[in-house]
Every structure is written in structure tokens, then in C-alpha cells.
Amino acid sequence: MSSAPQLNIDHVAKLARLALTPEEKAQFAAQLGSVLHHIEQLAKVDVAGVEPSAHAFAVHNVWQDDVARPGLTVADALRNAPAQRENMIAVPKVVE
Amino acid sequence: MTSVTHSVPSVSQSSINYEAVIGLEVHVQIKTASKVFTRVAAGYGHEPNSLTDPVVLGLPGALPVMNKAALDAIIKAGLLLGCEIAPVCKWDRKQYFYPDSPKNYQISQYDQPICLGGSVEIELPGAARNVMGAHKNIPLTRIHLEEDVGKLNHGATESLVDYNRAGTPLMEIVSDPAMHSAEEAYAYLTSIRATMIYGGISDCDMEKGQLRCDANISIRPVGQAKLGTKVELKNLNSISFVRDGIEHEIKRQLAVIERGGTIVQETRDYDGMTGTSQSLRTKEEAHDYRYFPDPDLLPVAVDAAWKARLQAECPELPFAKQRRFQADYALPYTLTSVLVWDRALADYFEEAAKLSGKPQAVGNWIANDLLREIGHAKIELASSKVRPAHLAALVQLVEAGTVLNQAAKEIFTEMFATGELPEAIAEKRGLKAAPTDNNELEQWCRDSIAANAKALAEFKAGKDSAINAFKGPVMKAAKGKANPKLVDETLRRLLAGM
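Residue numbers (this note's numbering), protein chains in the order written: chain U, 18 to 113; chain Y, -2 to 495.
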């Protein structure tokens, strides 16, 4: 299966923070390409007169009142963190 | 070389005049009990990572649910700023990898924000502190609702992440690139802050990150329609830093142009302590956030009834109040500019003004005495023992001539300390002026006139100021407690019959 012309696998890998081998790039480019080909087919459907929607259900305004409930304990919140210090999750230094 | 002033937005450089063009992105945290898409508590100053739940942390299977109060608040903000409220809006995912965002996307609004257009009324500095400056409306592009991200604490070798802030309801108020000086940006931010506090939408405490501001700044030759290359200035974490940082950036850009250089599109970090900025990263390519509609959340539809309900809750804003105070109470700018910026103070004034029927006198007492005492005592207005009824009673005592100005000051001080009513204090401490309904005053006046034939002759010859010579002895006889206005009236009445 060929990769879609508009697919830049290097850009997608960069956005996803993935370091791919040339083999993986070829493999994923083909897989993502087939997804894009499918989208191209969908794009051919005539939707003139169909109102765009952001959701599959025509339902609006699903909400809750602003009443706070207890959440996770600090210990539970940090349980999956590979590194922690002072009850915070330690990550490699980032600067922006 | 270069200078930027609010009145003359253009800045000269060699033979070409440049003007600055500024747009602000203001983030305002909405004051709610729980987060915007989940019901764990929102708050500031709690133990790190103690305000999280599976939705905040983006754990698998967790689903967001909207907070009704956050929606009410942003619609109210939009109504206060004259925005059009979109009949339908939706939620989008803004994708990016950064440790402050646990899901690797932020729920925001991309192409269908809830509030469109609108404007912020600002006042520029006047010619002097007591002179009203020019007013201007800064147009808004949009206001949308999103979730705040976590807080990063940068150490030497690692960054520590606290997700307490993540998921706090956050409004982003985006202005058009329509400001031309640091003063305008400062006035804009001041006005937004006052509006949000008035509306009960946010406390806007910049130290707590409840109000944050990024500025997009460019310069262009005056008359050129095309915008220059913009620089984004970040970390403007106090209102003064916003003004200083923008002023600094305009000068920096002018200096670059003057040297024959070109402005590079970049993000710069402004350090308010040193008054310098440094480049964070050059934007080689625009961010690719790959927005798409969030399938976990349903769209919001705002109907007329909902809008009307919130419109009814919208308070009168400071500038409108100022115009009304000037029109209805004939208050000078020096008083209205003190009274209207604090909603509680403005309400206090109106109550006292109505009770006393003497708005100007009430305004003077508040601006000169009440605020000074509150400042000294380091208390809030709400804790002041002097309530509007106290102030109104005091003003009426002075107006009726029952107490004189000096005595009124003493009464005020005691009233502030004890909360006793002025009448009682005046009685207890003997601060009342001499009664006006007895013949004593008239007798003192007769005596004084009789004792000064020279002044009498002068007065009768048409020298009006000669009347003052009679007043000293009368006041002396009254031990300083006579009402000067009454003394003057009595003397004139007696003199007219001589």
C-alpha cells in the first residue's frame, strides 16, 4: 500500500516525539497512508446541505453543578510517576 | 532617540516615524469551586498534587464533564464586554507534548469560541492626576474557555510538576492588534481586571496567577497598513511589568531597525526585576497543534433565556458608574476616580449619599478620611465600624450646623474606633456647636458690633470685609462652638437694621 502524498512521516514522528528507524518509518507511513486514503474516499461524499456537527449525537449542554468532590490523595496521584520529589513529579528539565 | 508616549503613538526614528502595534492575550482564571471538566476542587496554595483526579491526570478511561458555573461566568464576562455570545460552541483538543499538560492535549476552543467581538473601555492618563484622561474602546477578537495547565517548577537539573492548577477554568481574552503604547496596554489590563472583579468572575490576583498576560508587539512605519513582524512577550506577571515590558520591547525593536537590522519573529521572556528580555526560542515553524473536536464533550448551546438571566446579574461597570456619579451626584472626577474602582466602596458611597442627601460631602469624607483610616488600620471596608449610616449622620450634623468641621473630625476618629453614632459622641464629648435657637448668639453679635464702632462705620460705608472684625469676639464668647455660617447671617441681619 502506498503512502499518501500529503503525509510527511518525519513531521508526524517529530510531533509525536517518536524516534523511528527507517524500517518503522516505511511501515507507519504505509499504515497511516491507508488511513488517509480512506479519508480521501470519505471526502468525496456529497455533504452539501448537511449541517456540520462536532458530535455524533445532537445533544447539547451536558454539565454538572459546580460542587467540589474529593479527588485522589497525593500518594495515589503520584503512584505512576517514575520520579518524584517534594510531592511533585520530577521530569527532565524543560524550558519554554 | 526614541520615546513612546500615550498621546503621540508614533515614535521617531531617523526620518521615518514608527508606531507600535500591540495585541494582548489575557488569561483569567474563573473563580469556581471545582475544575472546568471535572468536580475535584480548584484552588491556590494547596499541597502540590492534592487537587487531582483521573480526569485532571488524563488517566485512561476518564471522561470530562462541563462545569455549569464556568460557562455562566464566561458568558457573563462576554456580556460585560459587549461580546456576541455564540448560539452554539464546541470543544477542541489542542495537541502538544509538554509536562504541564498531562493528557498531551489541552481542551480549548479553536474555531467556535463562546464569545466573539466586544470591546474594553479604557482611560488613558489625563494631563494631571485630577484630570480625566481620554477614553477609548479597544476591540476584542474573541474570548474562549479552556482548561489551565499544571505548574512547572524549574530546578537546576530537573523540573517538578504540580497538577493542582491543571483543569482550572481559564478564559483567554484576545484583543485585536489595536493598542499603540505601553500606557494603553496598561489601561486595558487595568480595565479588564476591574471588570472581572466587578462581575465576580475572578479575583484577578496576578501573584496567584489568576490573571496572566502575553503581549504581541510589532512596529511599523506610521501610515503603513501591513503589520510588522511580531514578537511575543511572555512572563508579564504584574500589571507594572506589562507596561515596562512593552515599553522595553518597543524600544528594543526600534533600536534593531535603527541599526539596519530586521525583527525576528520570536518569543521573548521579560524579566521585570532587571528590566531586560531574552529570546526563548525563534519560531522556525508555526506550532502544529492539530486541533480537532473533542469527542468526549458535547457542544454548548446558549439560548436567549440563559443570556437574559446572566445579563440581569451583570453589574454596572466602573466607567458607566463614574459617568452616572458625575451626572447624578455632580461629583468631581477627583472623587469619582477614587470611588468607582472598588464595587464595595462605590456601593458604600451611594448608600451614604442617599441617606444624607449630600453626596459631595459624603464623597469627601470617604476619599479623605475613611480610606486613610482604613489604610492605617489595615482593614477591609467591610470591617469598618463606620457604616454608611454613620457617615450620613455625621454629614447631616455638620450640614445642620450642630457640629463644626474641627469637631466633626474628632467625632469621625472616635466613630472609627468605636462604631458609636456621631450624635452620641458629640453629646458625650461636648462637641456640639452652640445651640442656634437661643438668644445668646444674637446677644454676642450685638455686643461685638457695639464694641467696634470703627468697623461698623466701615461696613456701613460699603466695606463688606469689615464684618469679619465682629466675628472674632463672637467666636471667643462662644468658646469656638458657634456655627460660622450662623454668626455671619446673624451679624448681617443685625447690621442691616442699623
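Everything labelled a hint here was simulated from the structure, so no lab data went into it. Incorrect hints may have been included.
Here are the simulated SDA-like pairs of lysine to any residue, each with C-alpha atoms no more than 25 Å apart in a straight line [said to hold, decoys possible]:
hint, chain 1, residue 1, chain 2, residue 2
1, Y, K205, U, R86
2, Y, K429, Y, Y326
3, Y, K91, U, E103
4, Y, K223, Y, R256
5, Y, K205, U, Q101
6, Y, K148, U, K42
7, Y, K148, U, L37
8, Y, K100, U, E103
9, U, K42, Y, Y286
10, U, K110, Y, A153
11, U, K110, Y, V62
12, Y, K223, Y, E204
13, Y, K100, Y, V62
14, U, K61, U, A75
15, U, K110, Y, K468
16, Y, K205, U, N104
17, Y, K100, U, V79
18, U, K31, Y, Y95
19, U, K110, Y, K473
20, Y, K429, Y, A450
21, Y, K100, U, E57
22, Y, K100, U, I26
23, U, K42, Y, Y288
24, U, K110, Y, R256
25, U, K110, Y, D211
26, U, K110, U, L59
27, Y, K406, U, H28
28, Y, K205, U, H28
29, Y, K473, Y, D444
Hints versus structure:
no., hint, verdict
1, Y:K205 x U:R86, "holds, 23 Å"
2, Y:K429 x Y:Y326, "violated, 28 Å"
3, Y:K91 x U:E103, "violated, 30 Å"
4, Y:K223 x Y:R256, "holds, 22 Å"
5, Y:K205 x U:Q101, "holds, 24 Å"
6, Y:K148 x U:K42, "violated, 35 Å"
7, Y:K148 x U:L37, "violated, 31 Å"
8, Y:K100 x U:E103, "holds, 22 Å"
9, U:K42 x Y:Y286, "holds, 22 Å"
10, U:K110 x Y:A153, "holds, 8 Å"
11, U:K110 x Y:V62, "violated, 33 Å"
12, Y:K223 x Y:E204, "violated, 36 Å"
13, Y:K100 x Y:V62, "holds, 15 Å"
14, U:K61 x U:A75, "holds, 24 Å"
15, U:K110 x Y:K468, "violated, 81 Å"
16, Y:K205 x U:N104, "holds, 20 Å"
17, Y:K100 x U:V79, "holds, 22 Å"
18, U:K31 x Y:Y95, "holds, 13 Å"
19, U:K110 x Y:K473, "violated, 80 Å"
20, Y:K429 x Y:A450, "violated, 32 Å"
21, Y:K100 x U:E57, "violated, 29 Å"
22, Y:K100 x U:I26, "holds, 23 Å"
23, U:K42 x Y:Y288, "holds, 24 Å"
24, U:K110 x Y:R256, "violated, 36 Å"
25, U:K110 x Y:D211, "holds, 23 Å"
26, U:K110 x U:L59, "violated, 43 Å"
27, Y:K406 x U:H28, "violated, 74 Å"
28, Y:K205 x U:H28, "violated, 37 Å"
29, Y:K473 x Y:D444, "holds, 12 Å"
Comparing the model with each earlier hint shows violations of hints 2, 3, 6, 7, 11, 12, 15, 19, 20, 21, 24, 26, 27 and 28; every other hint is respected.
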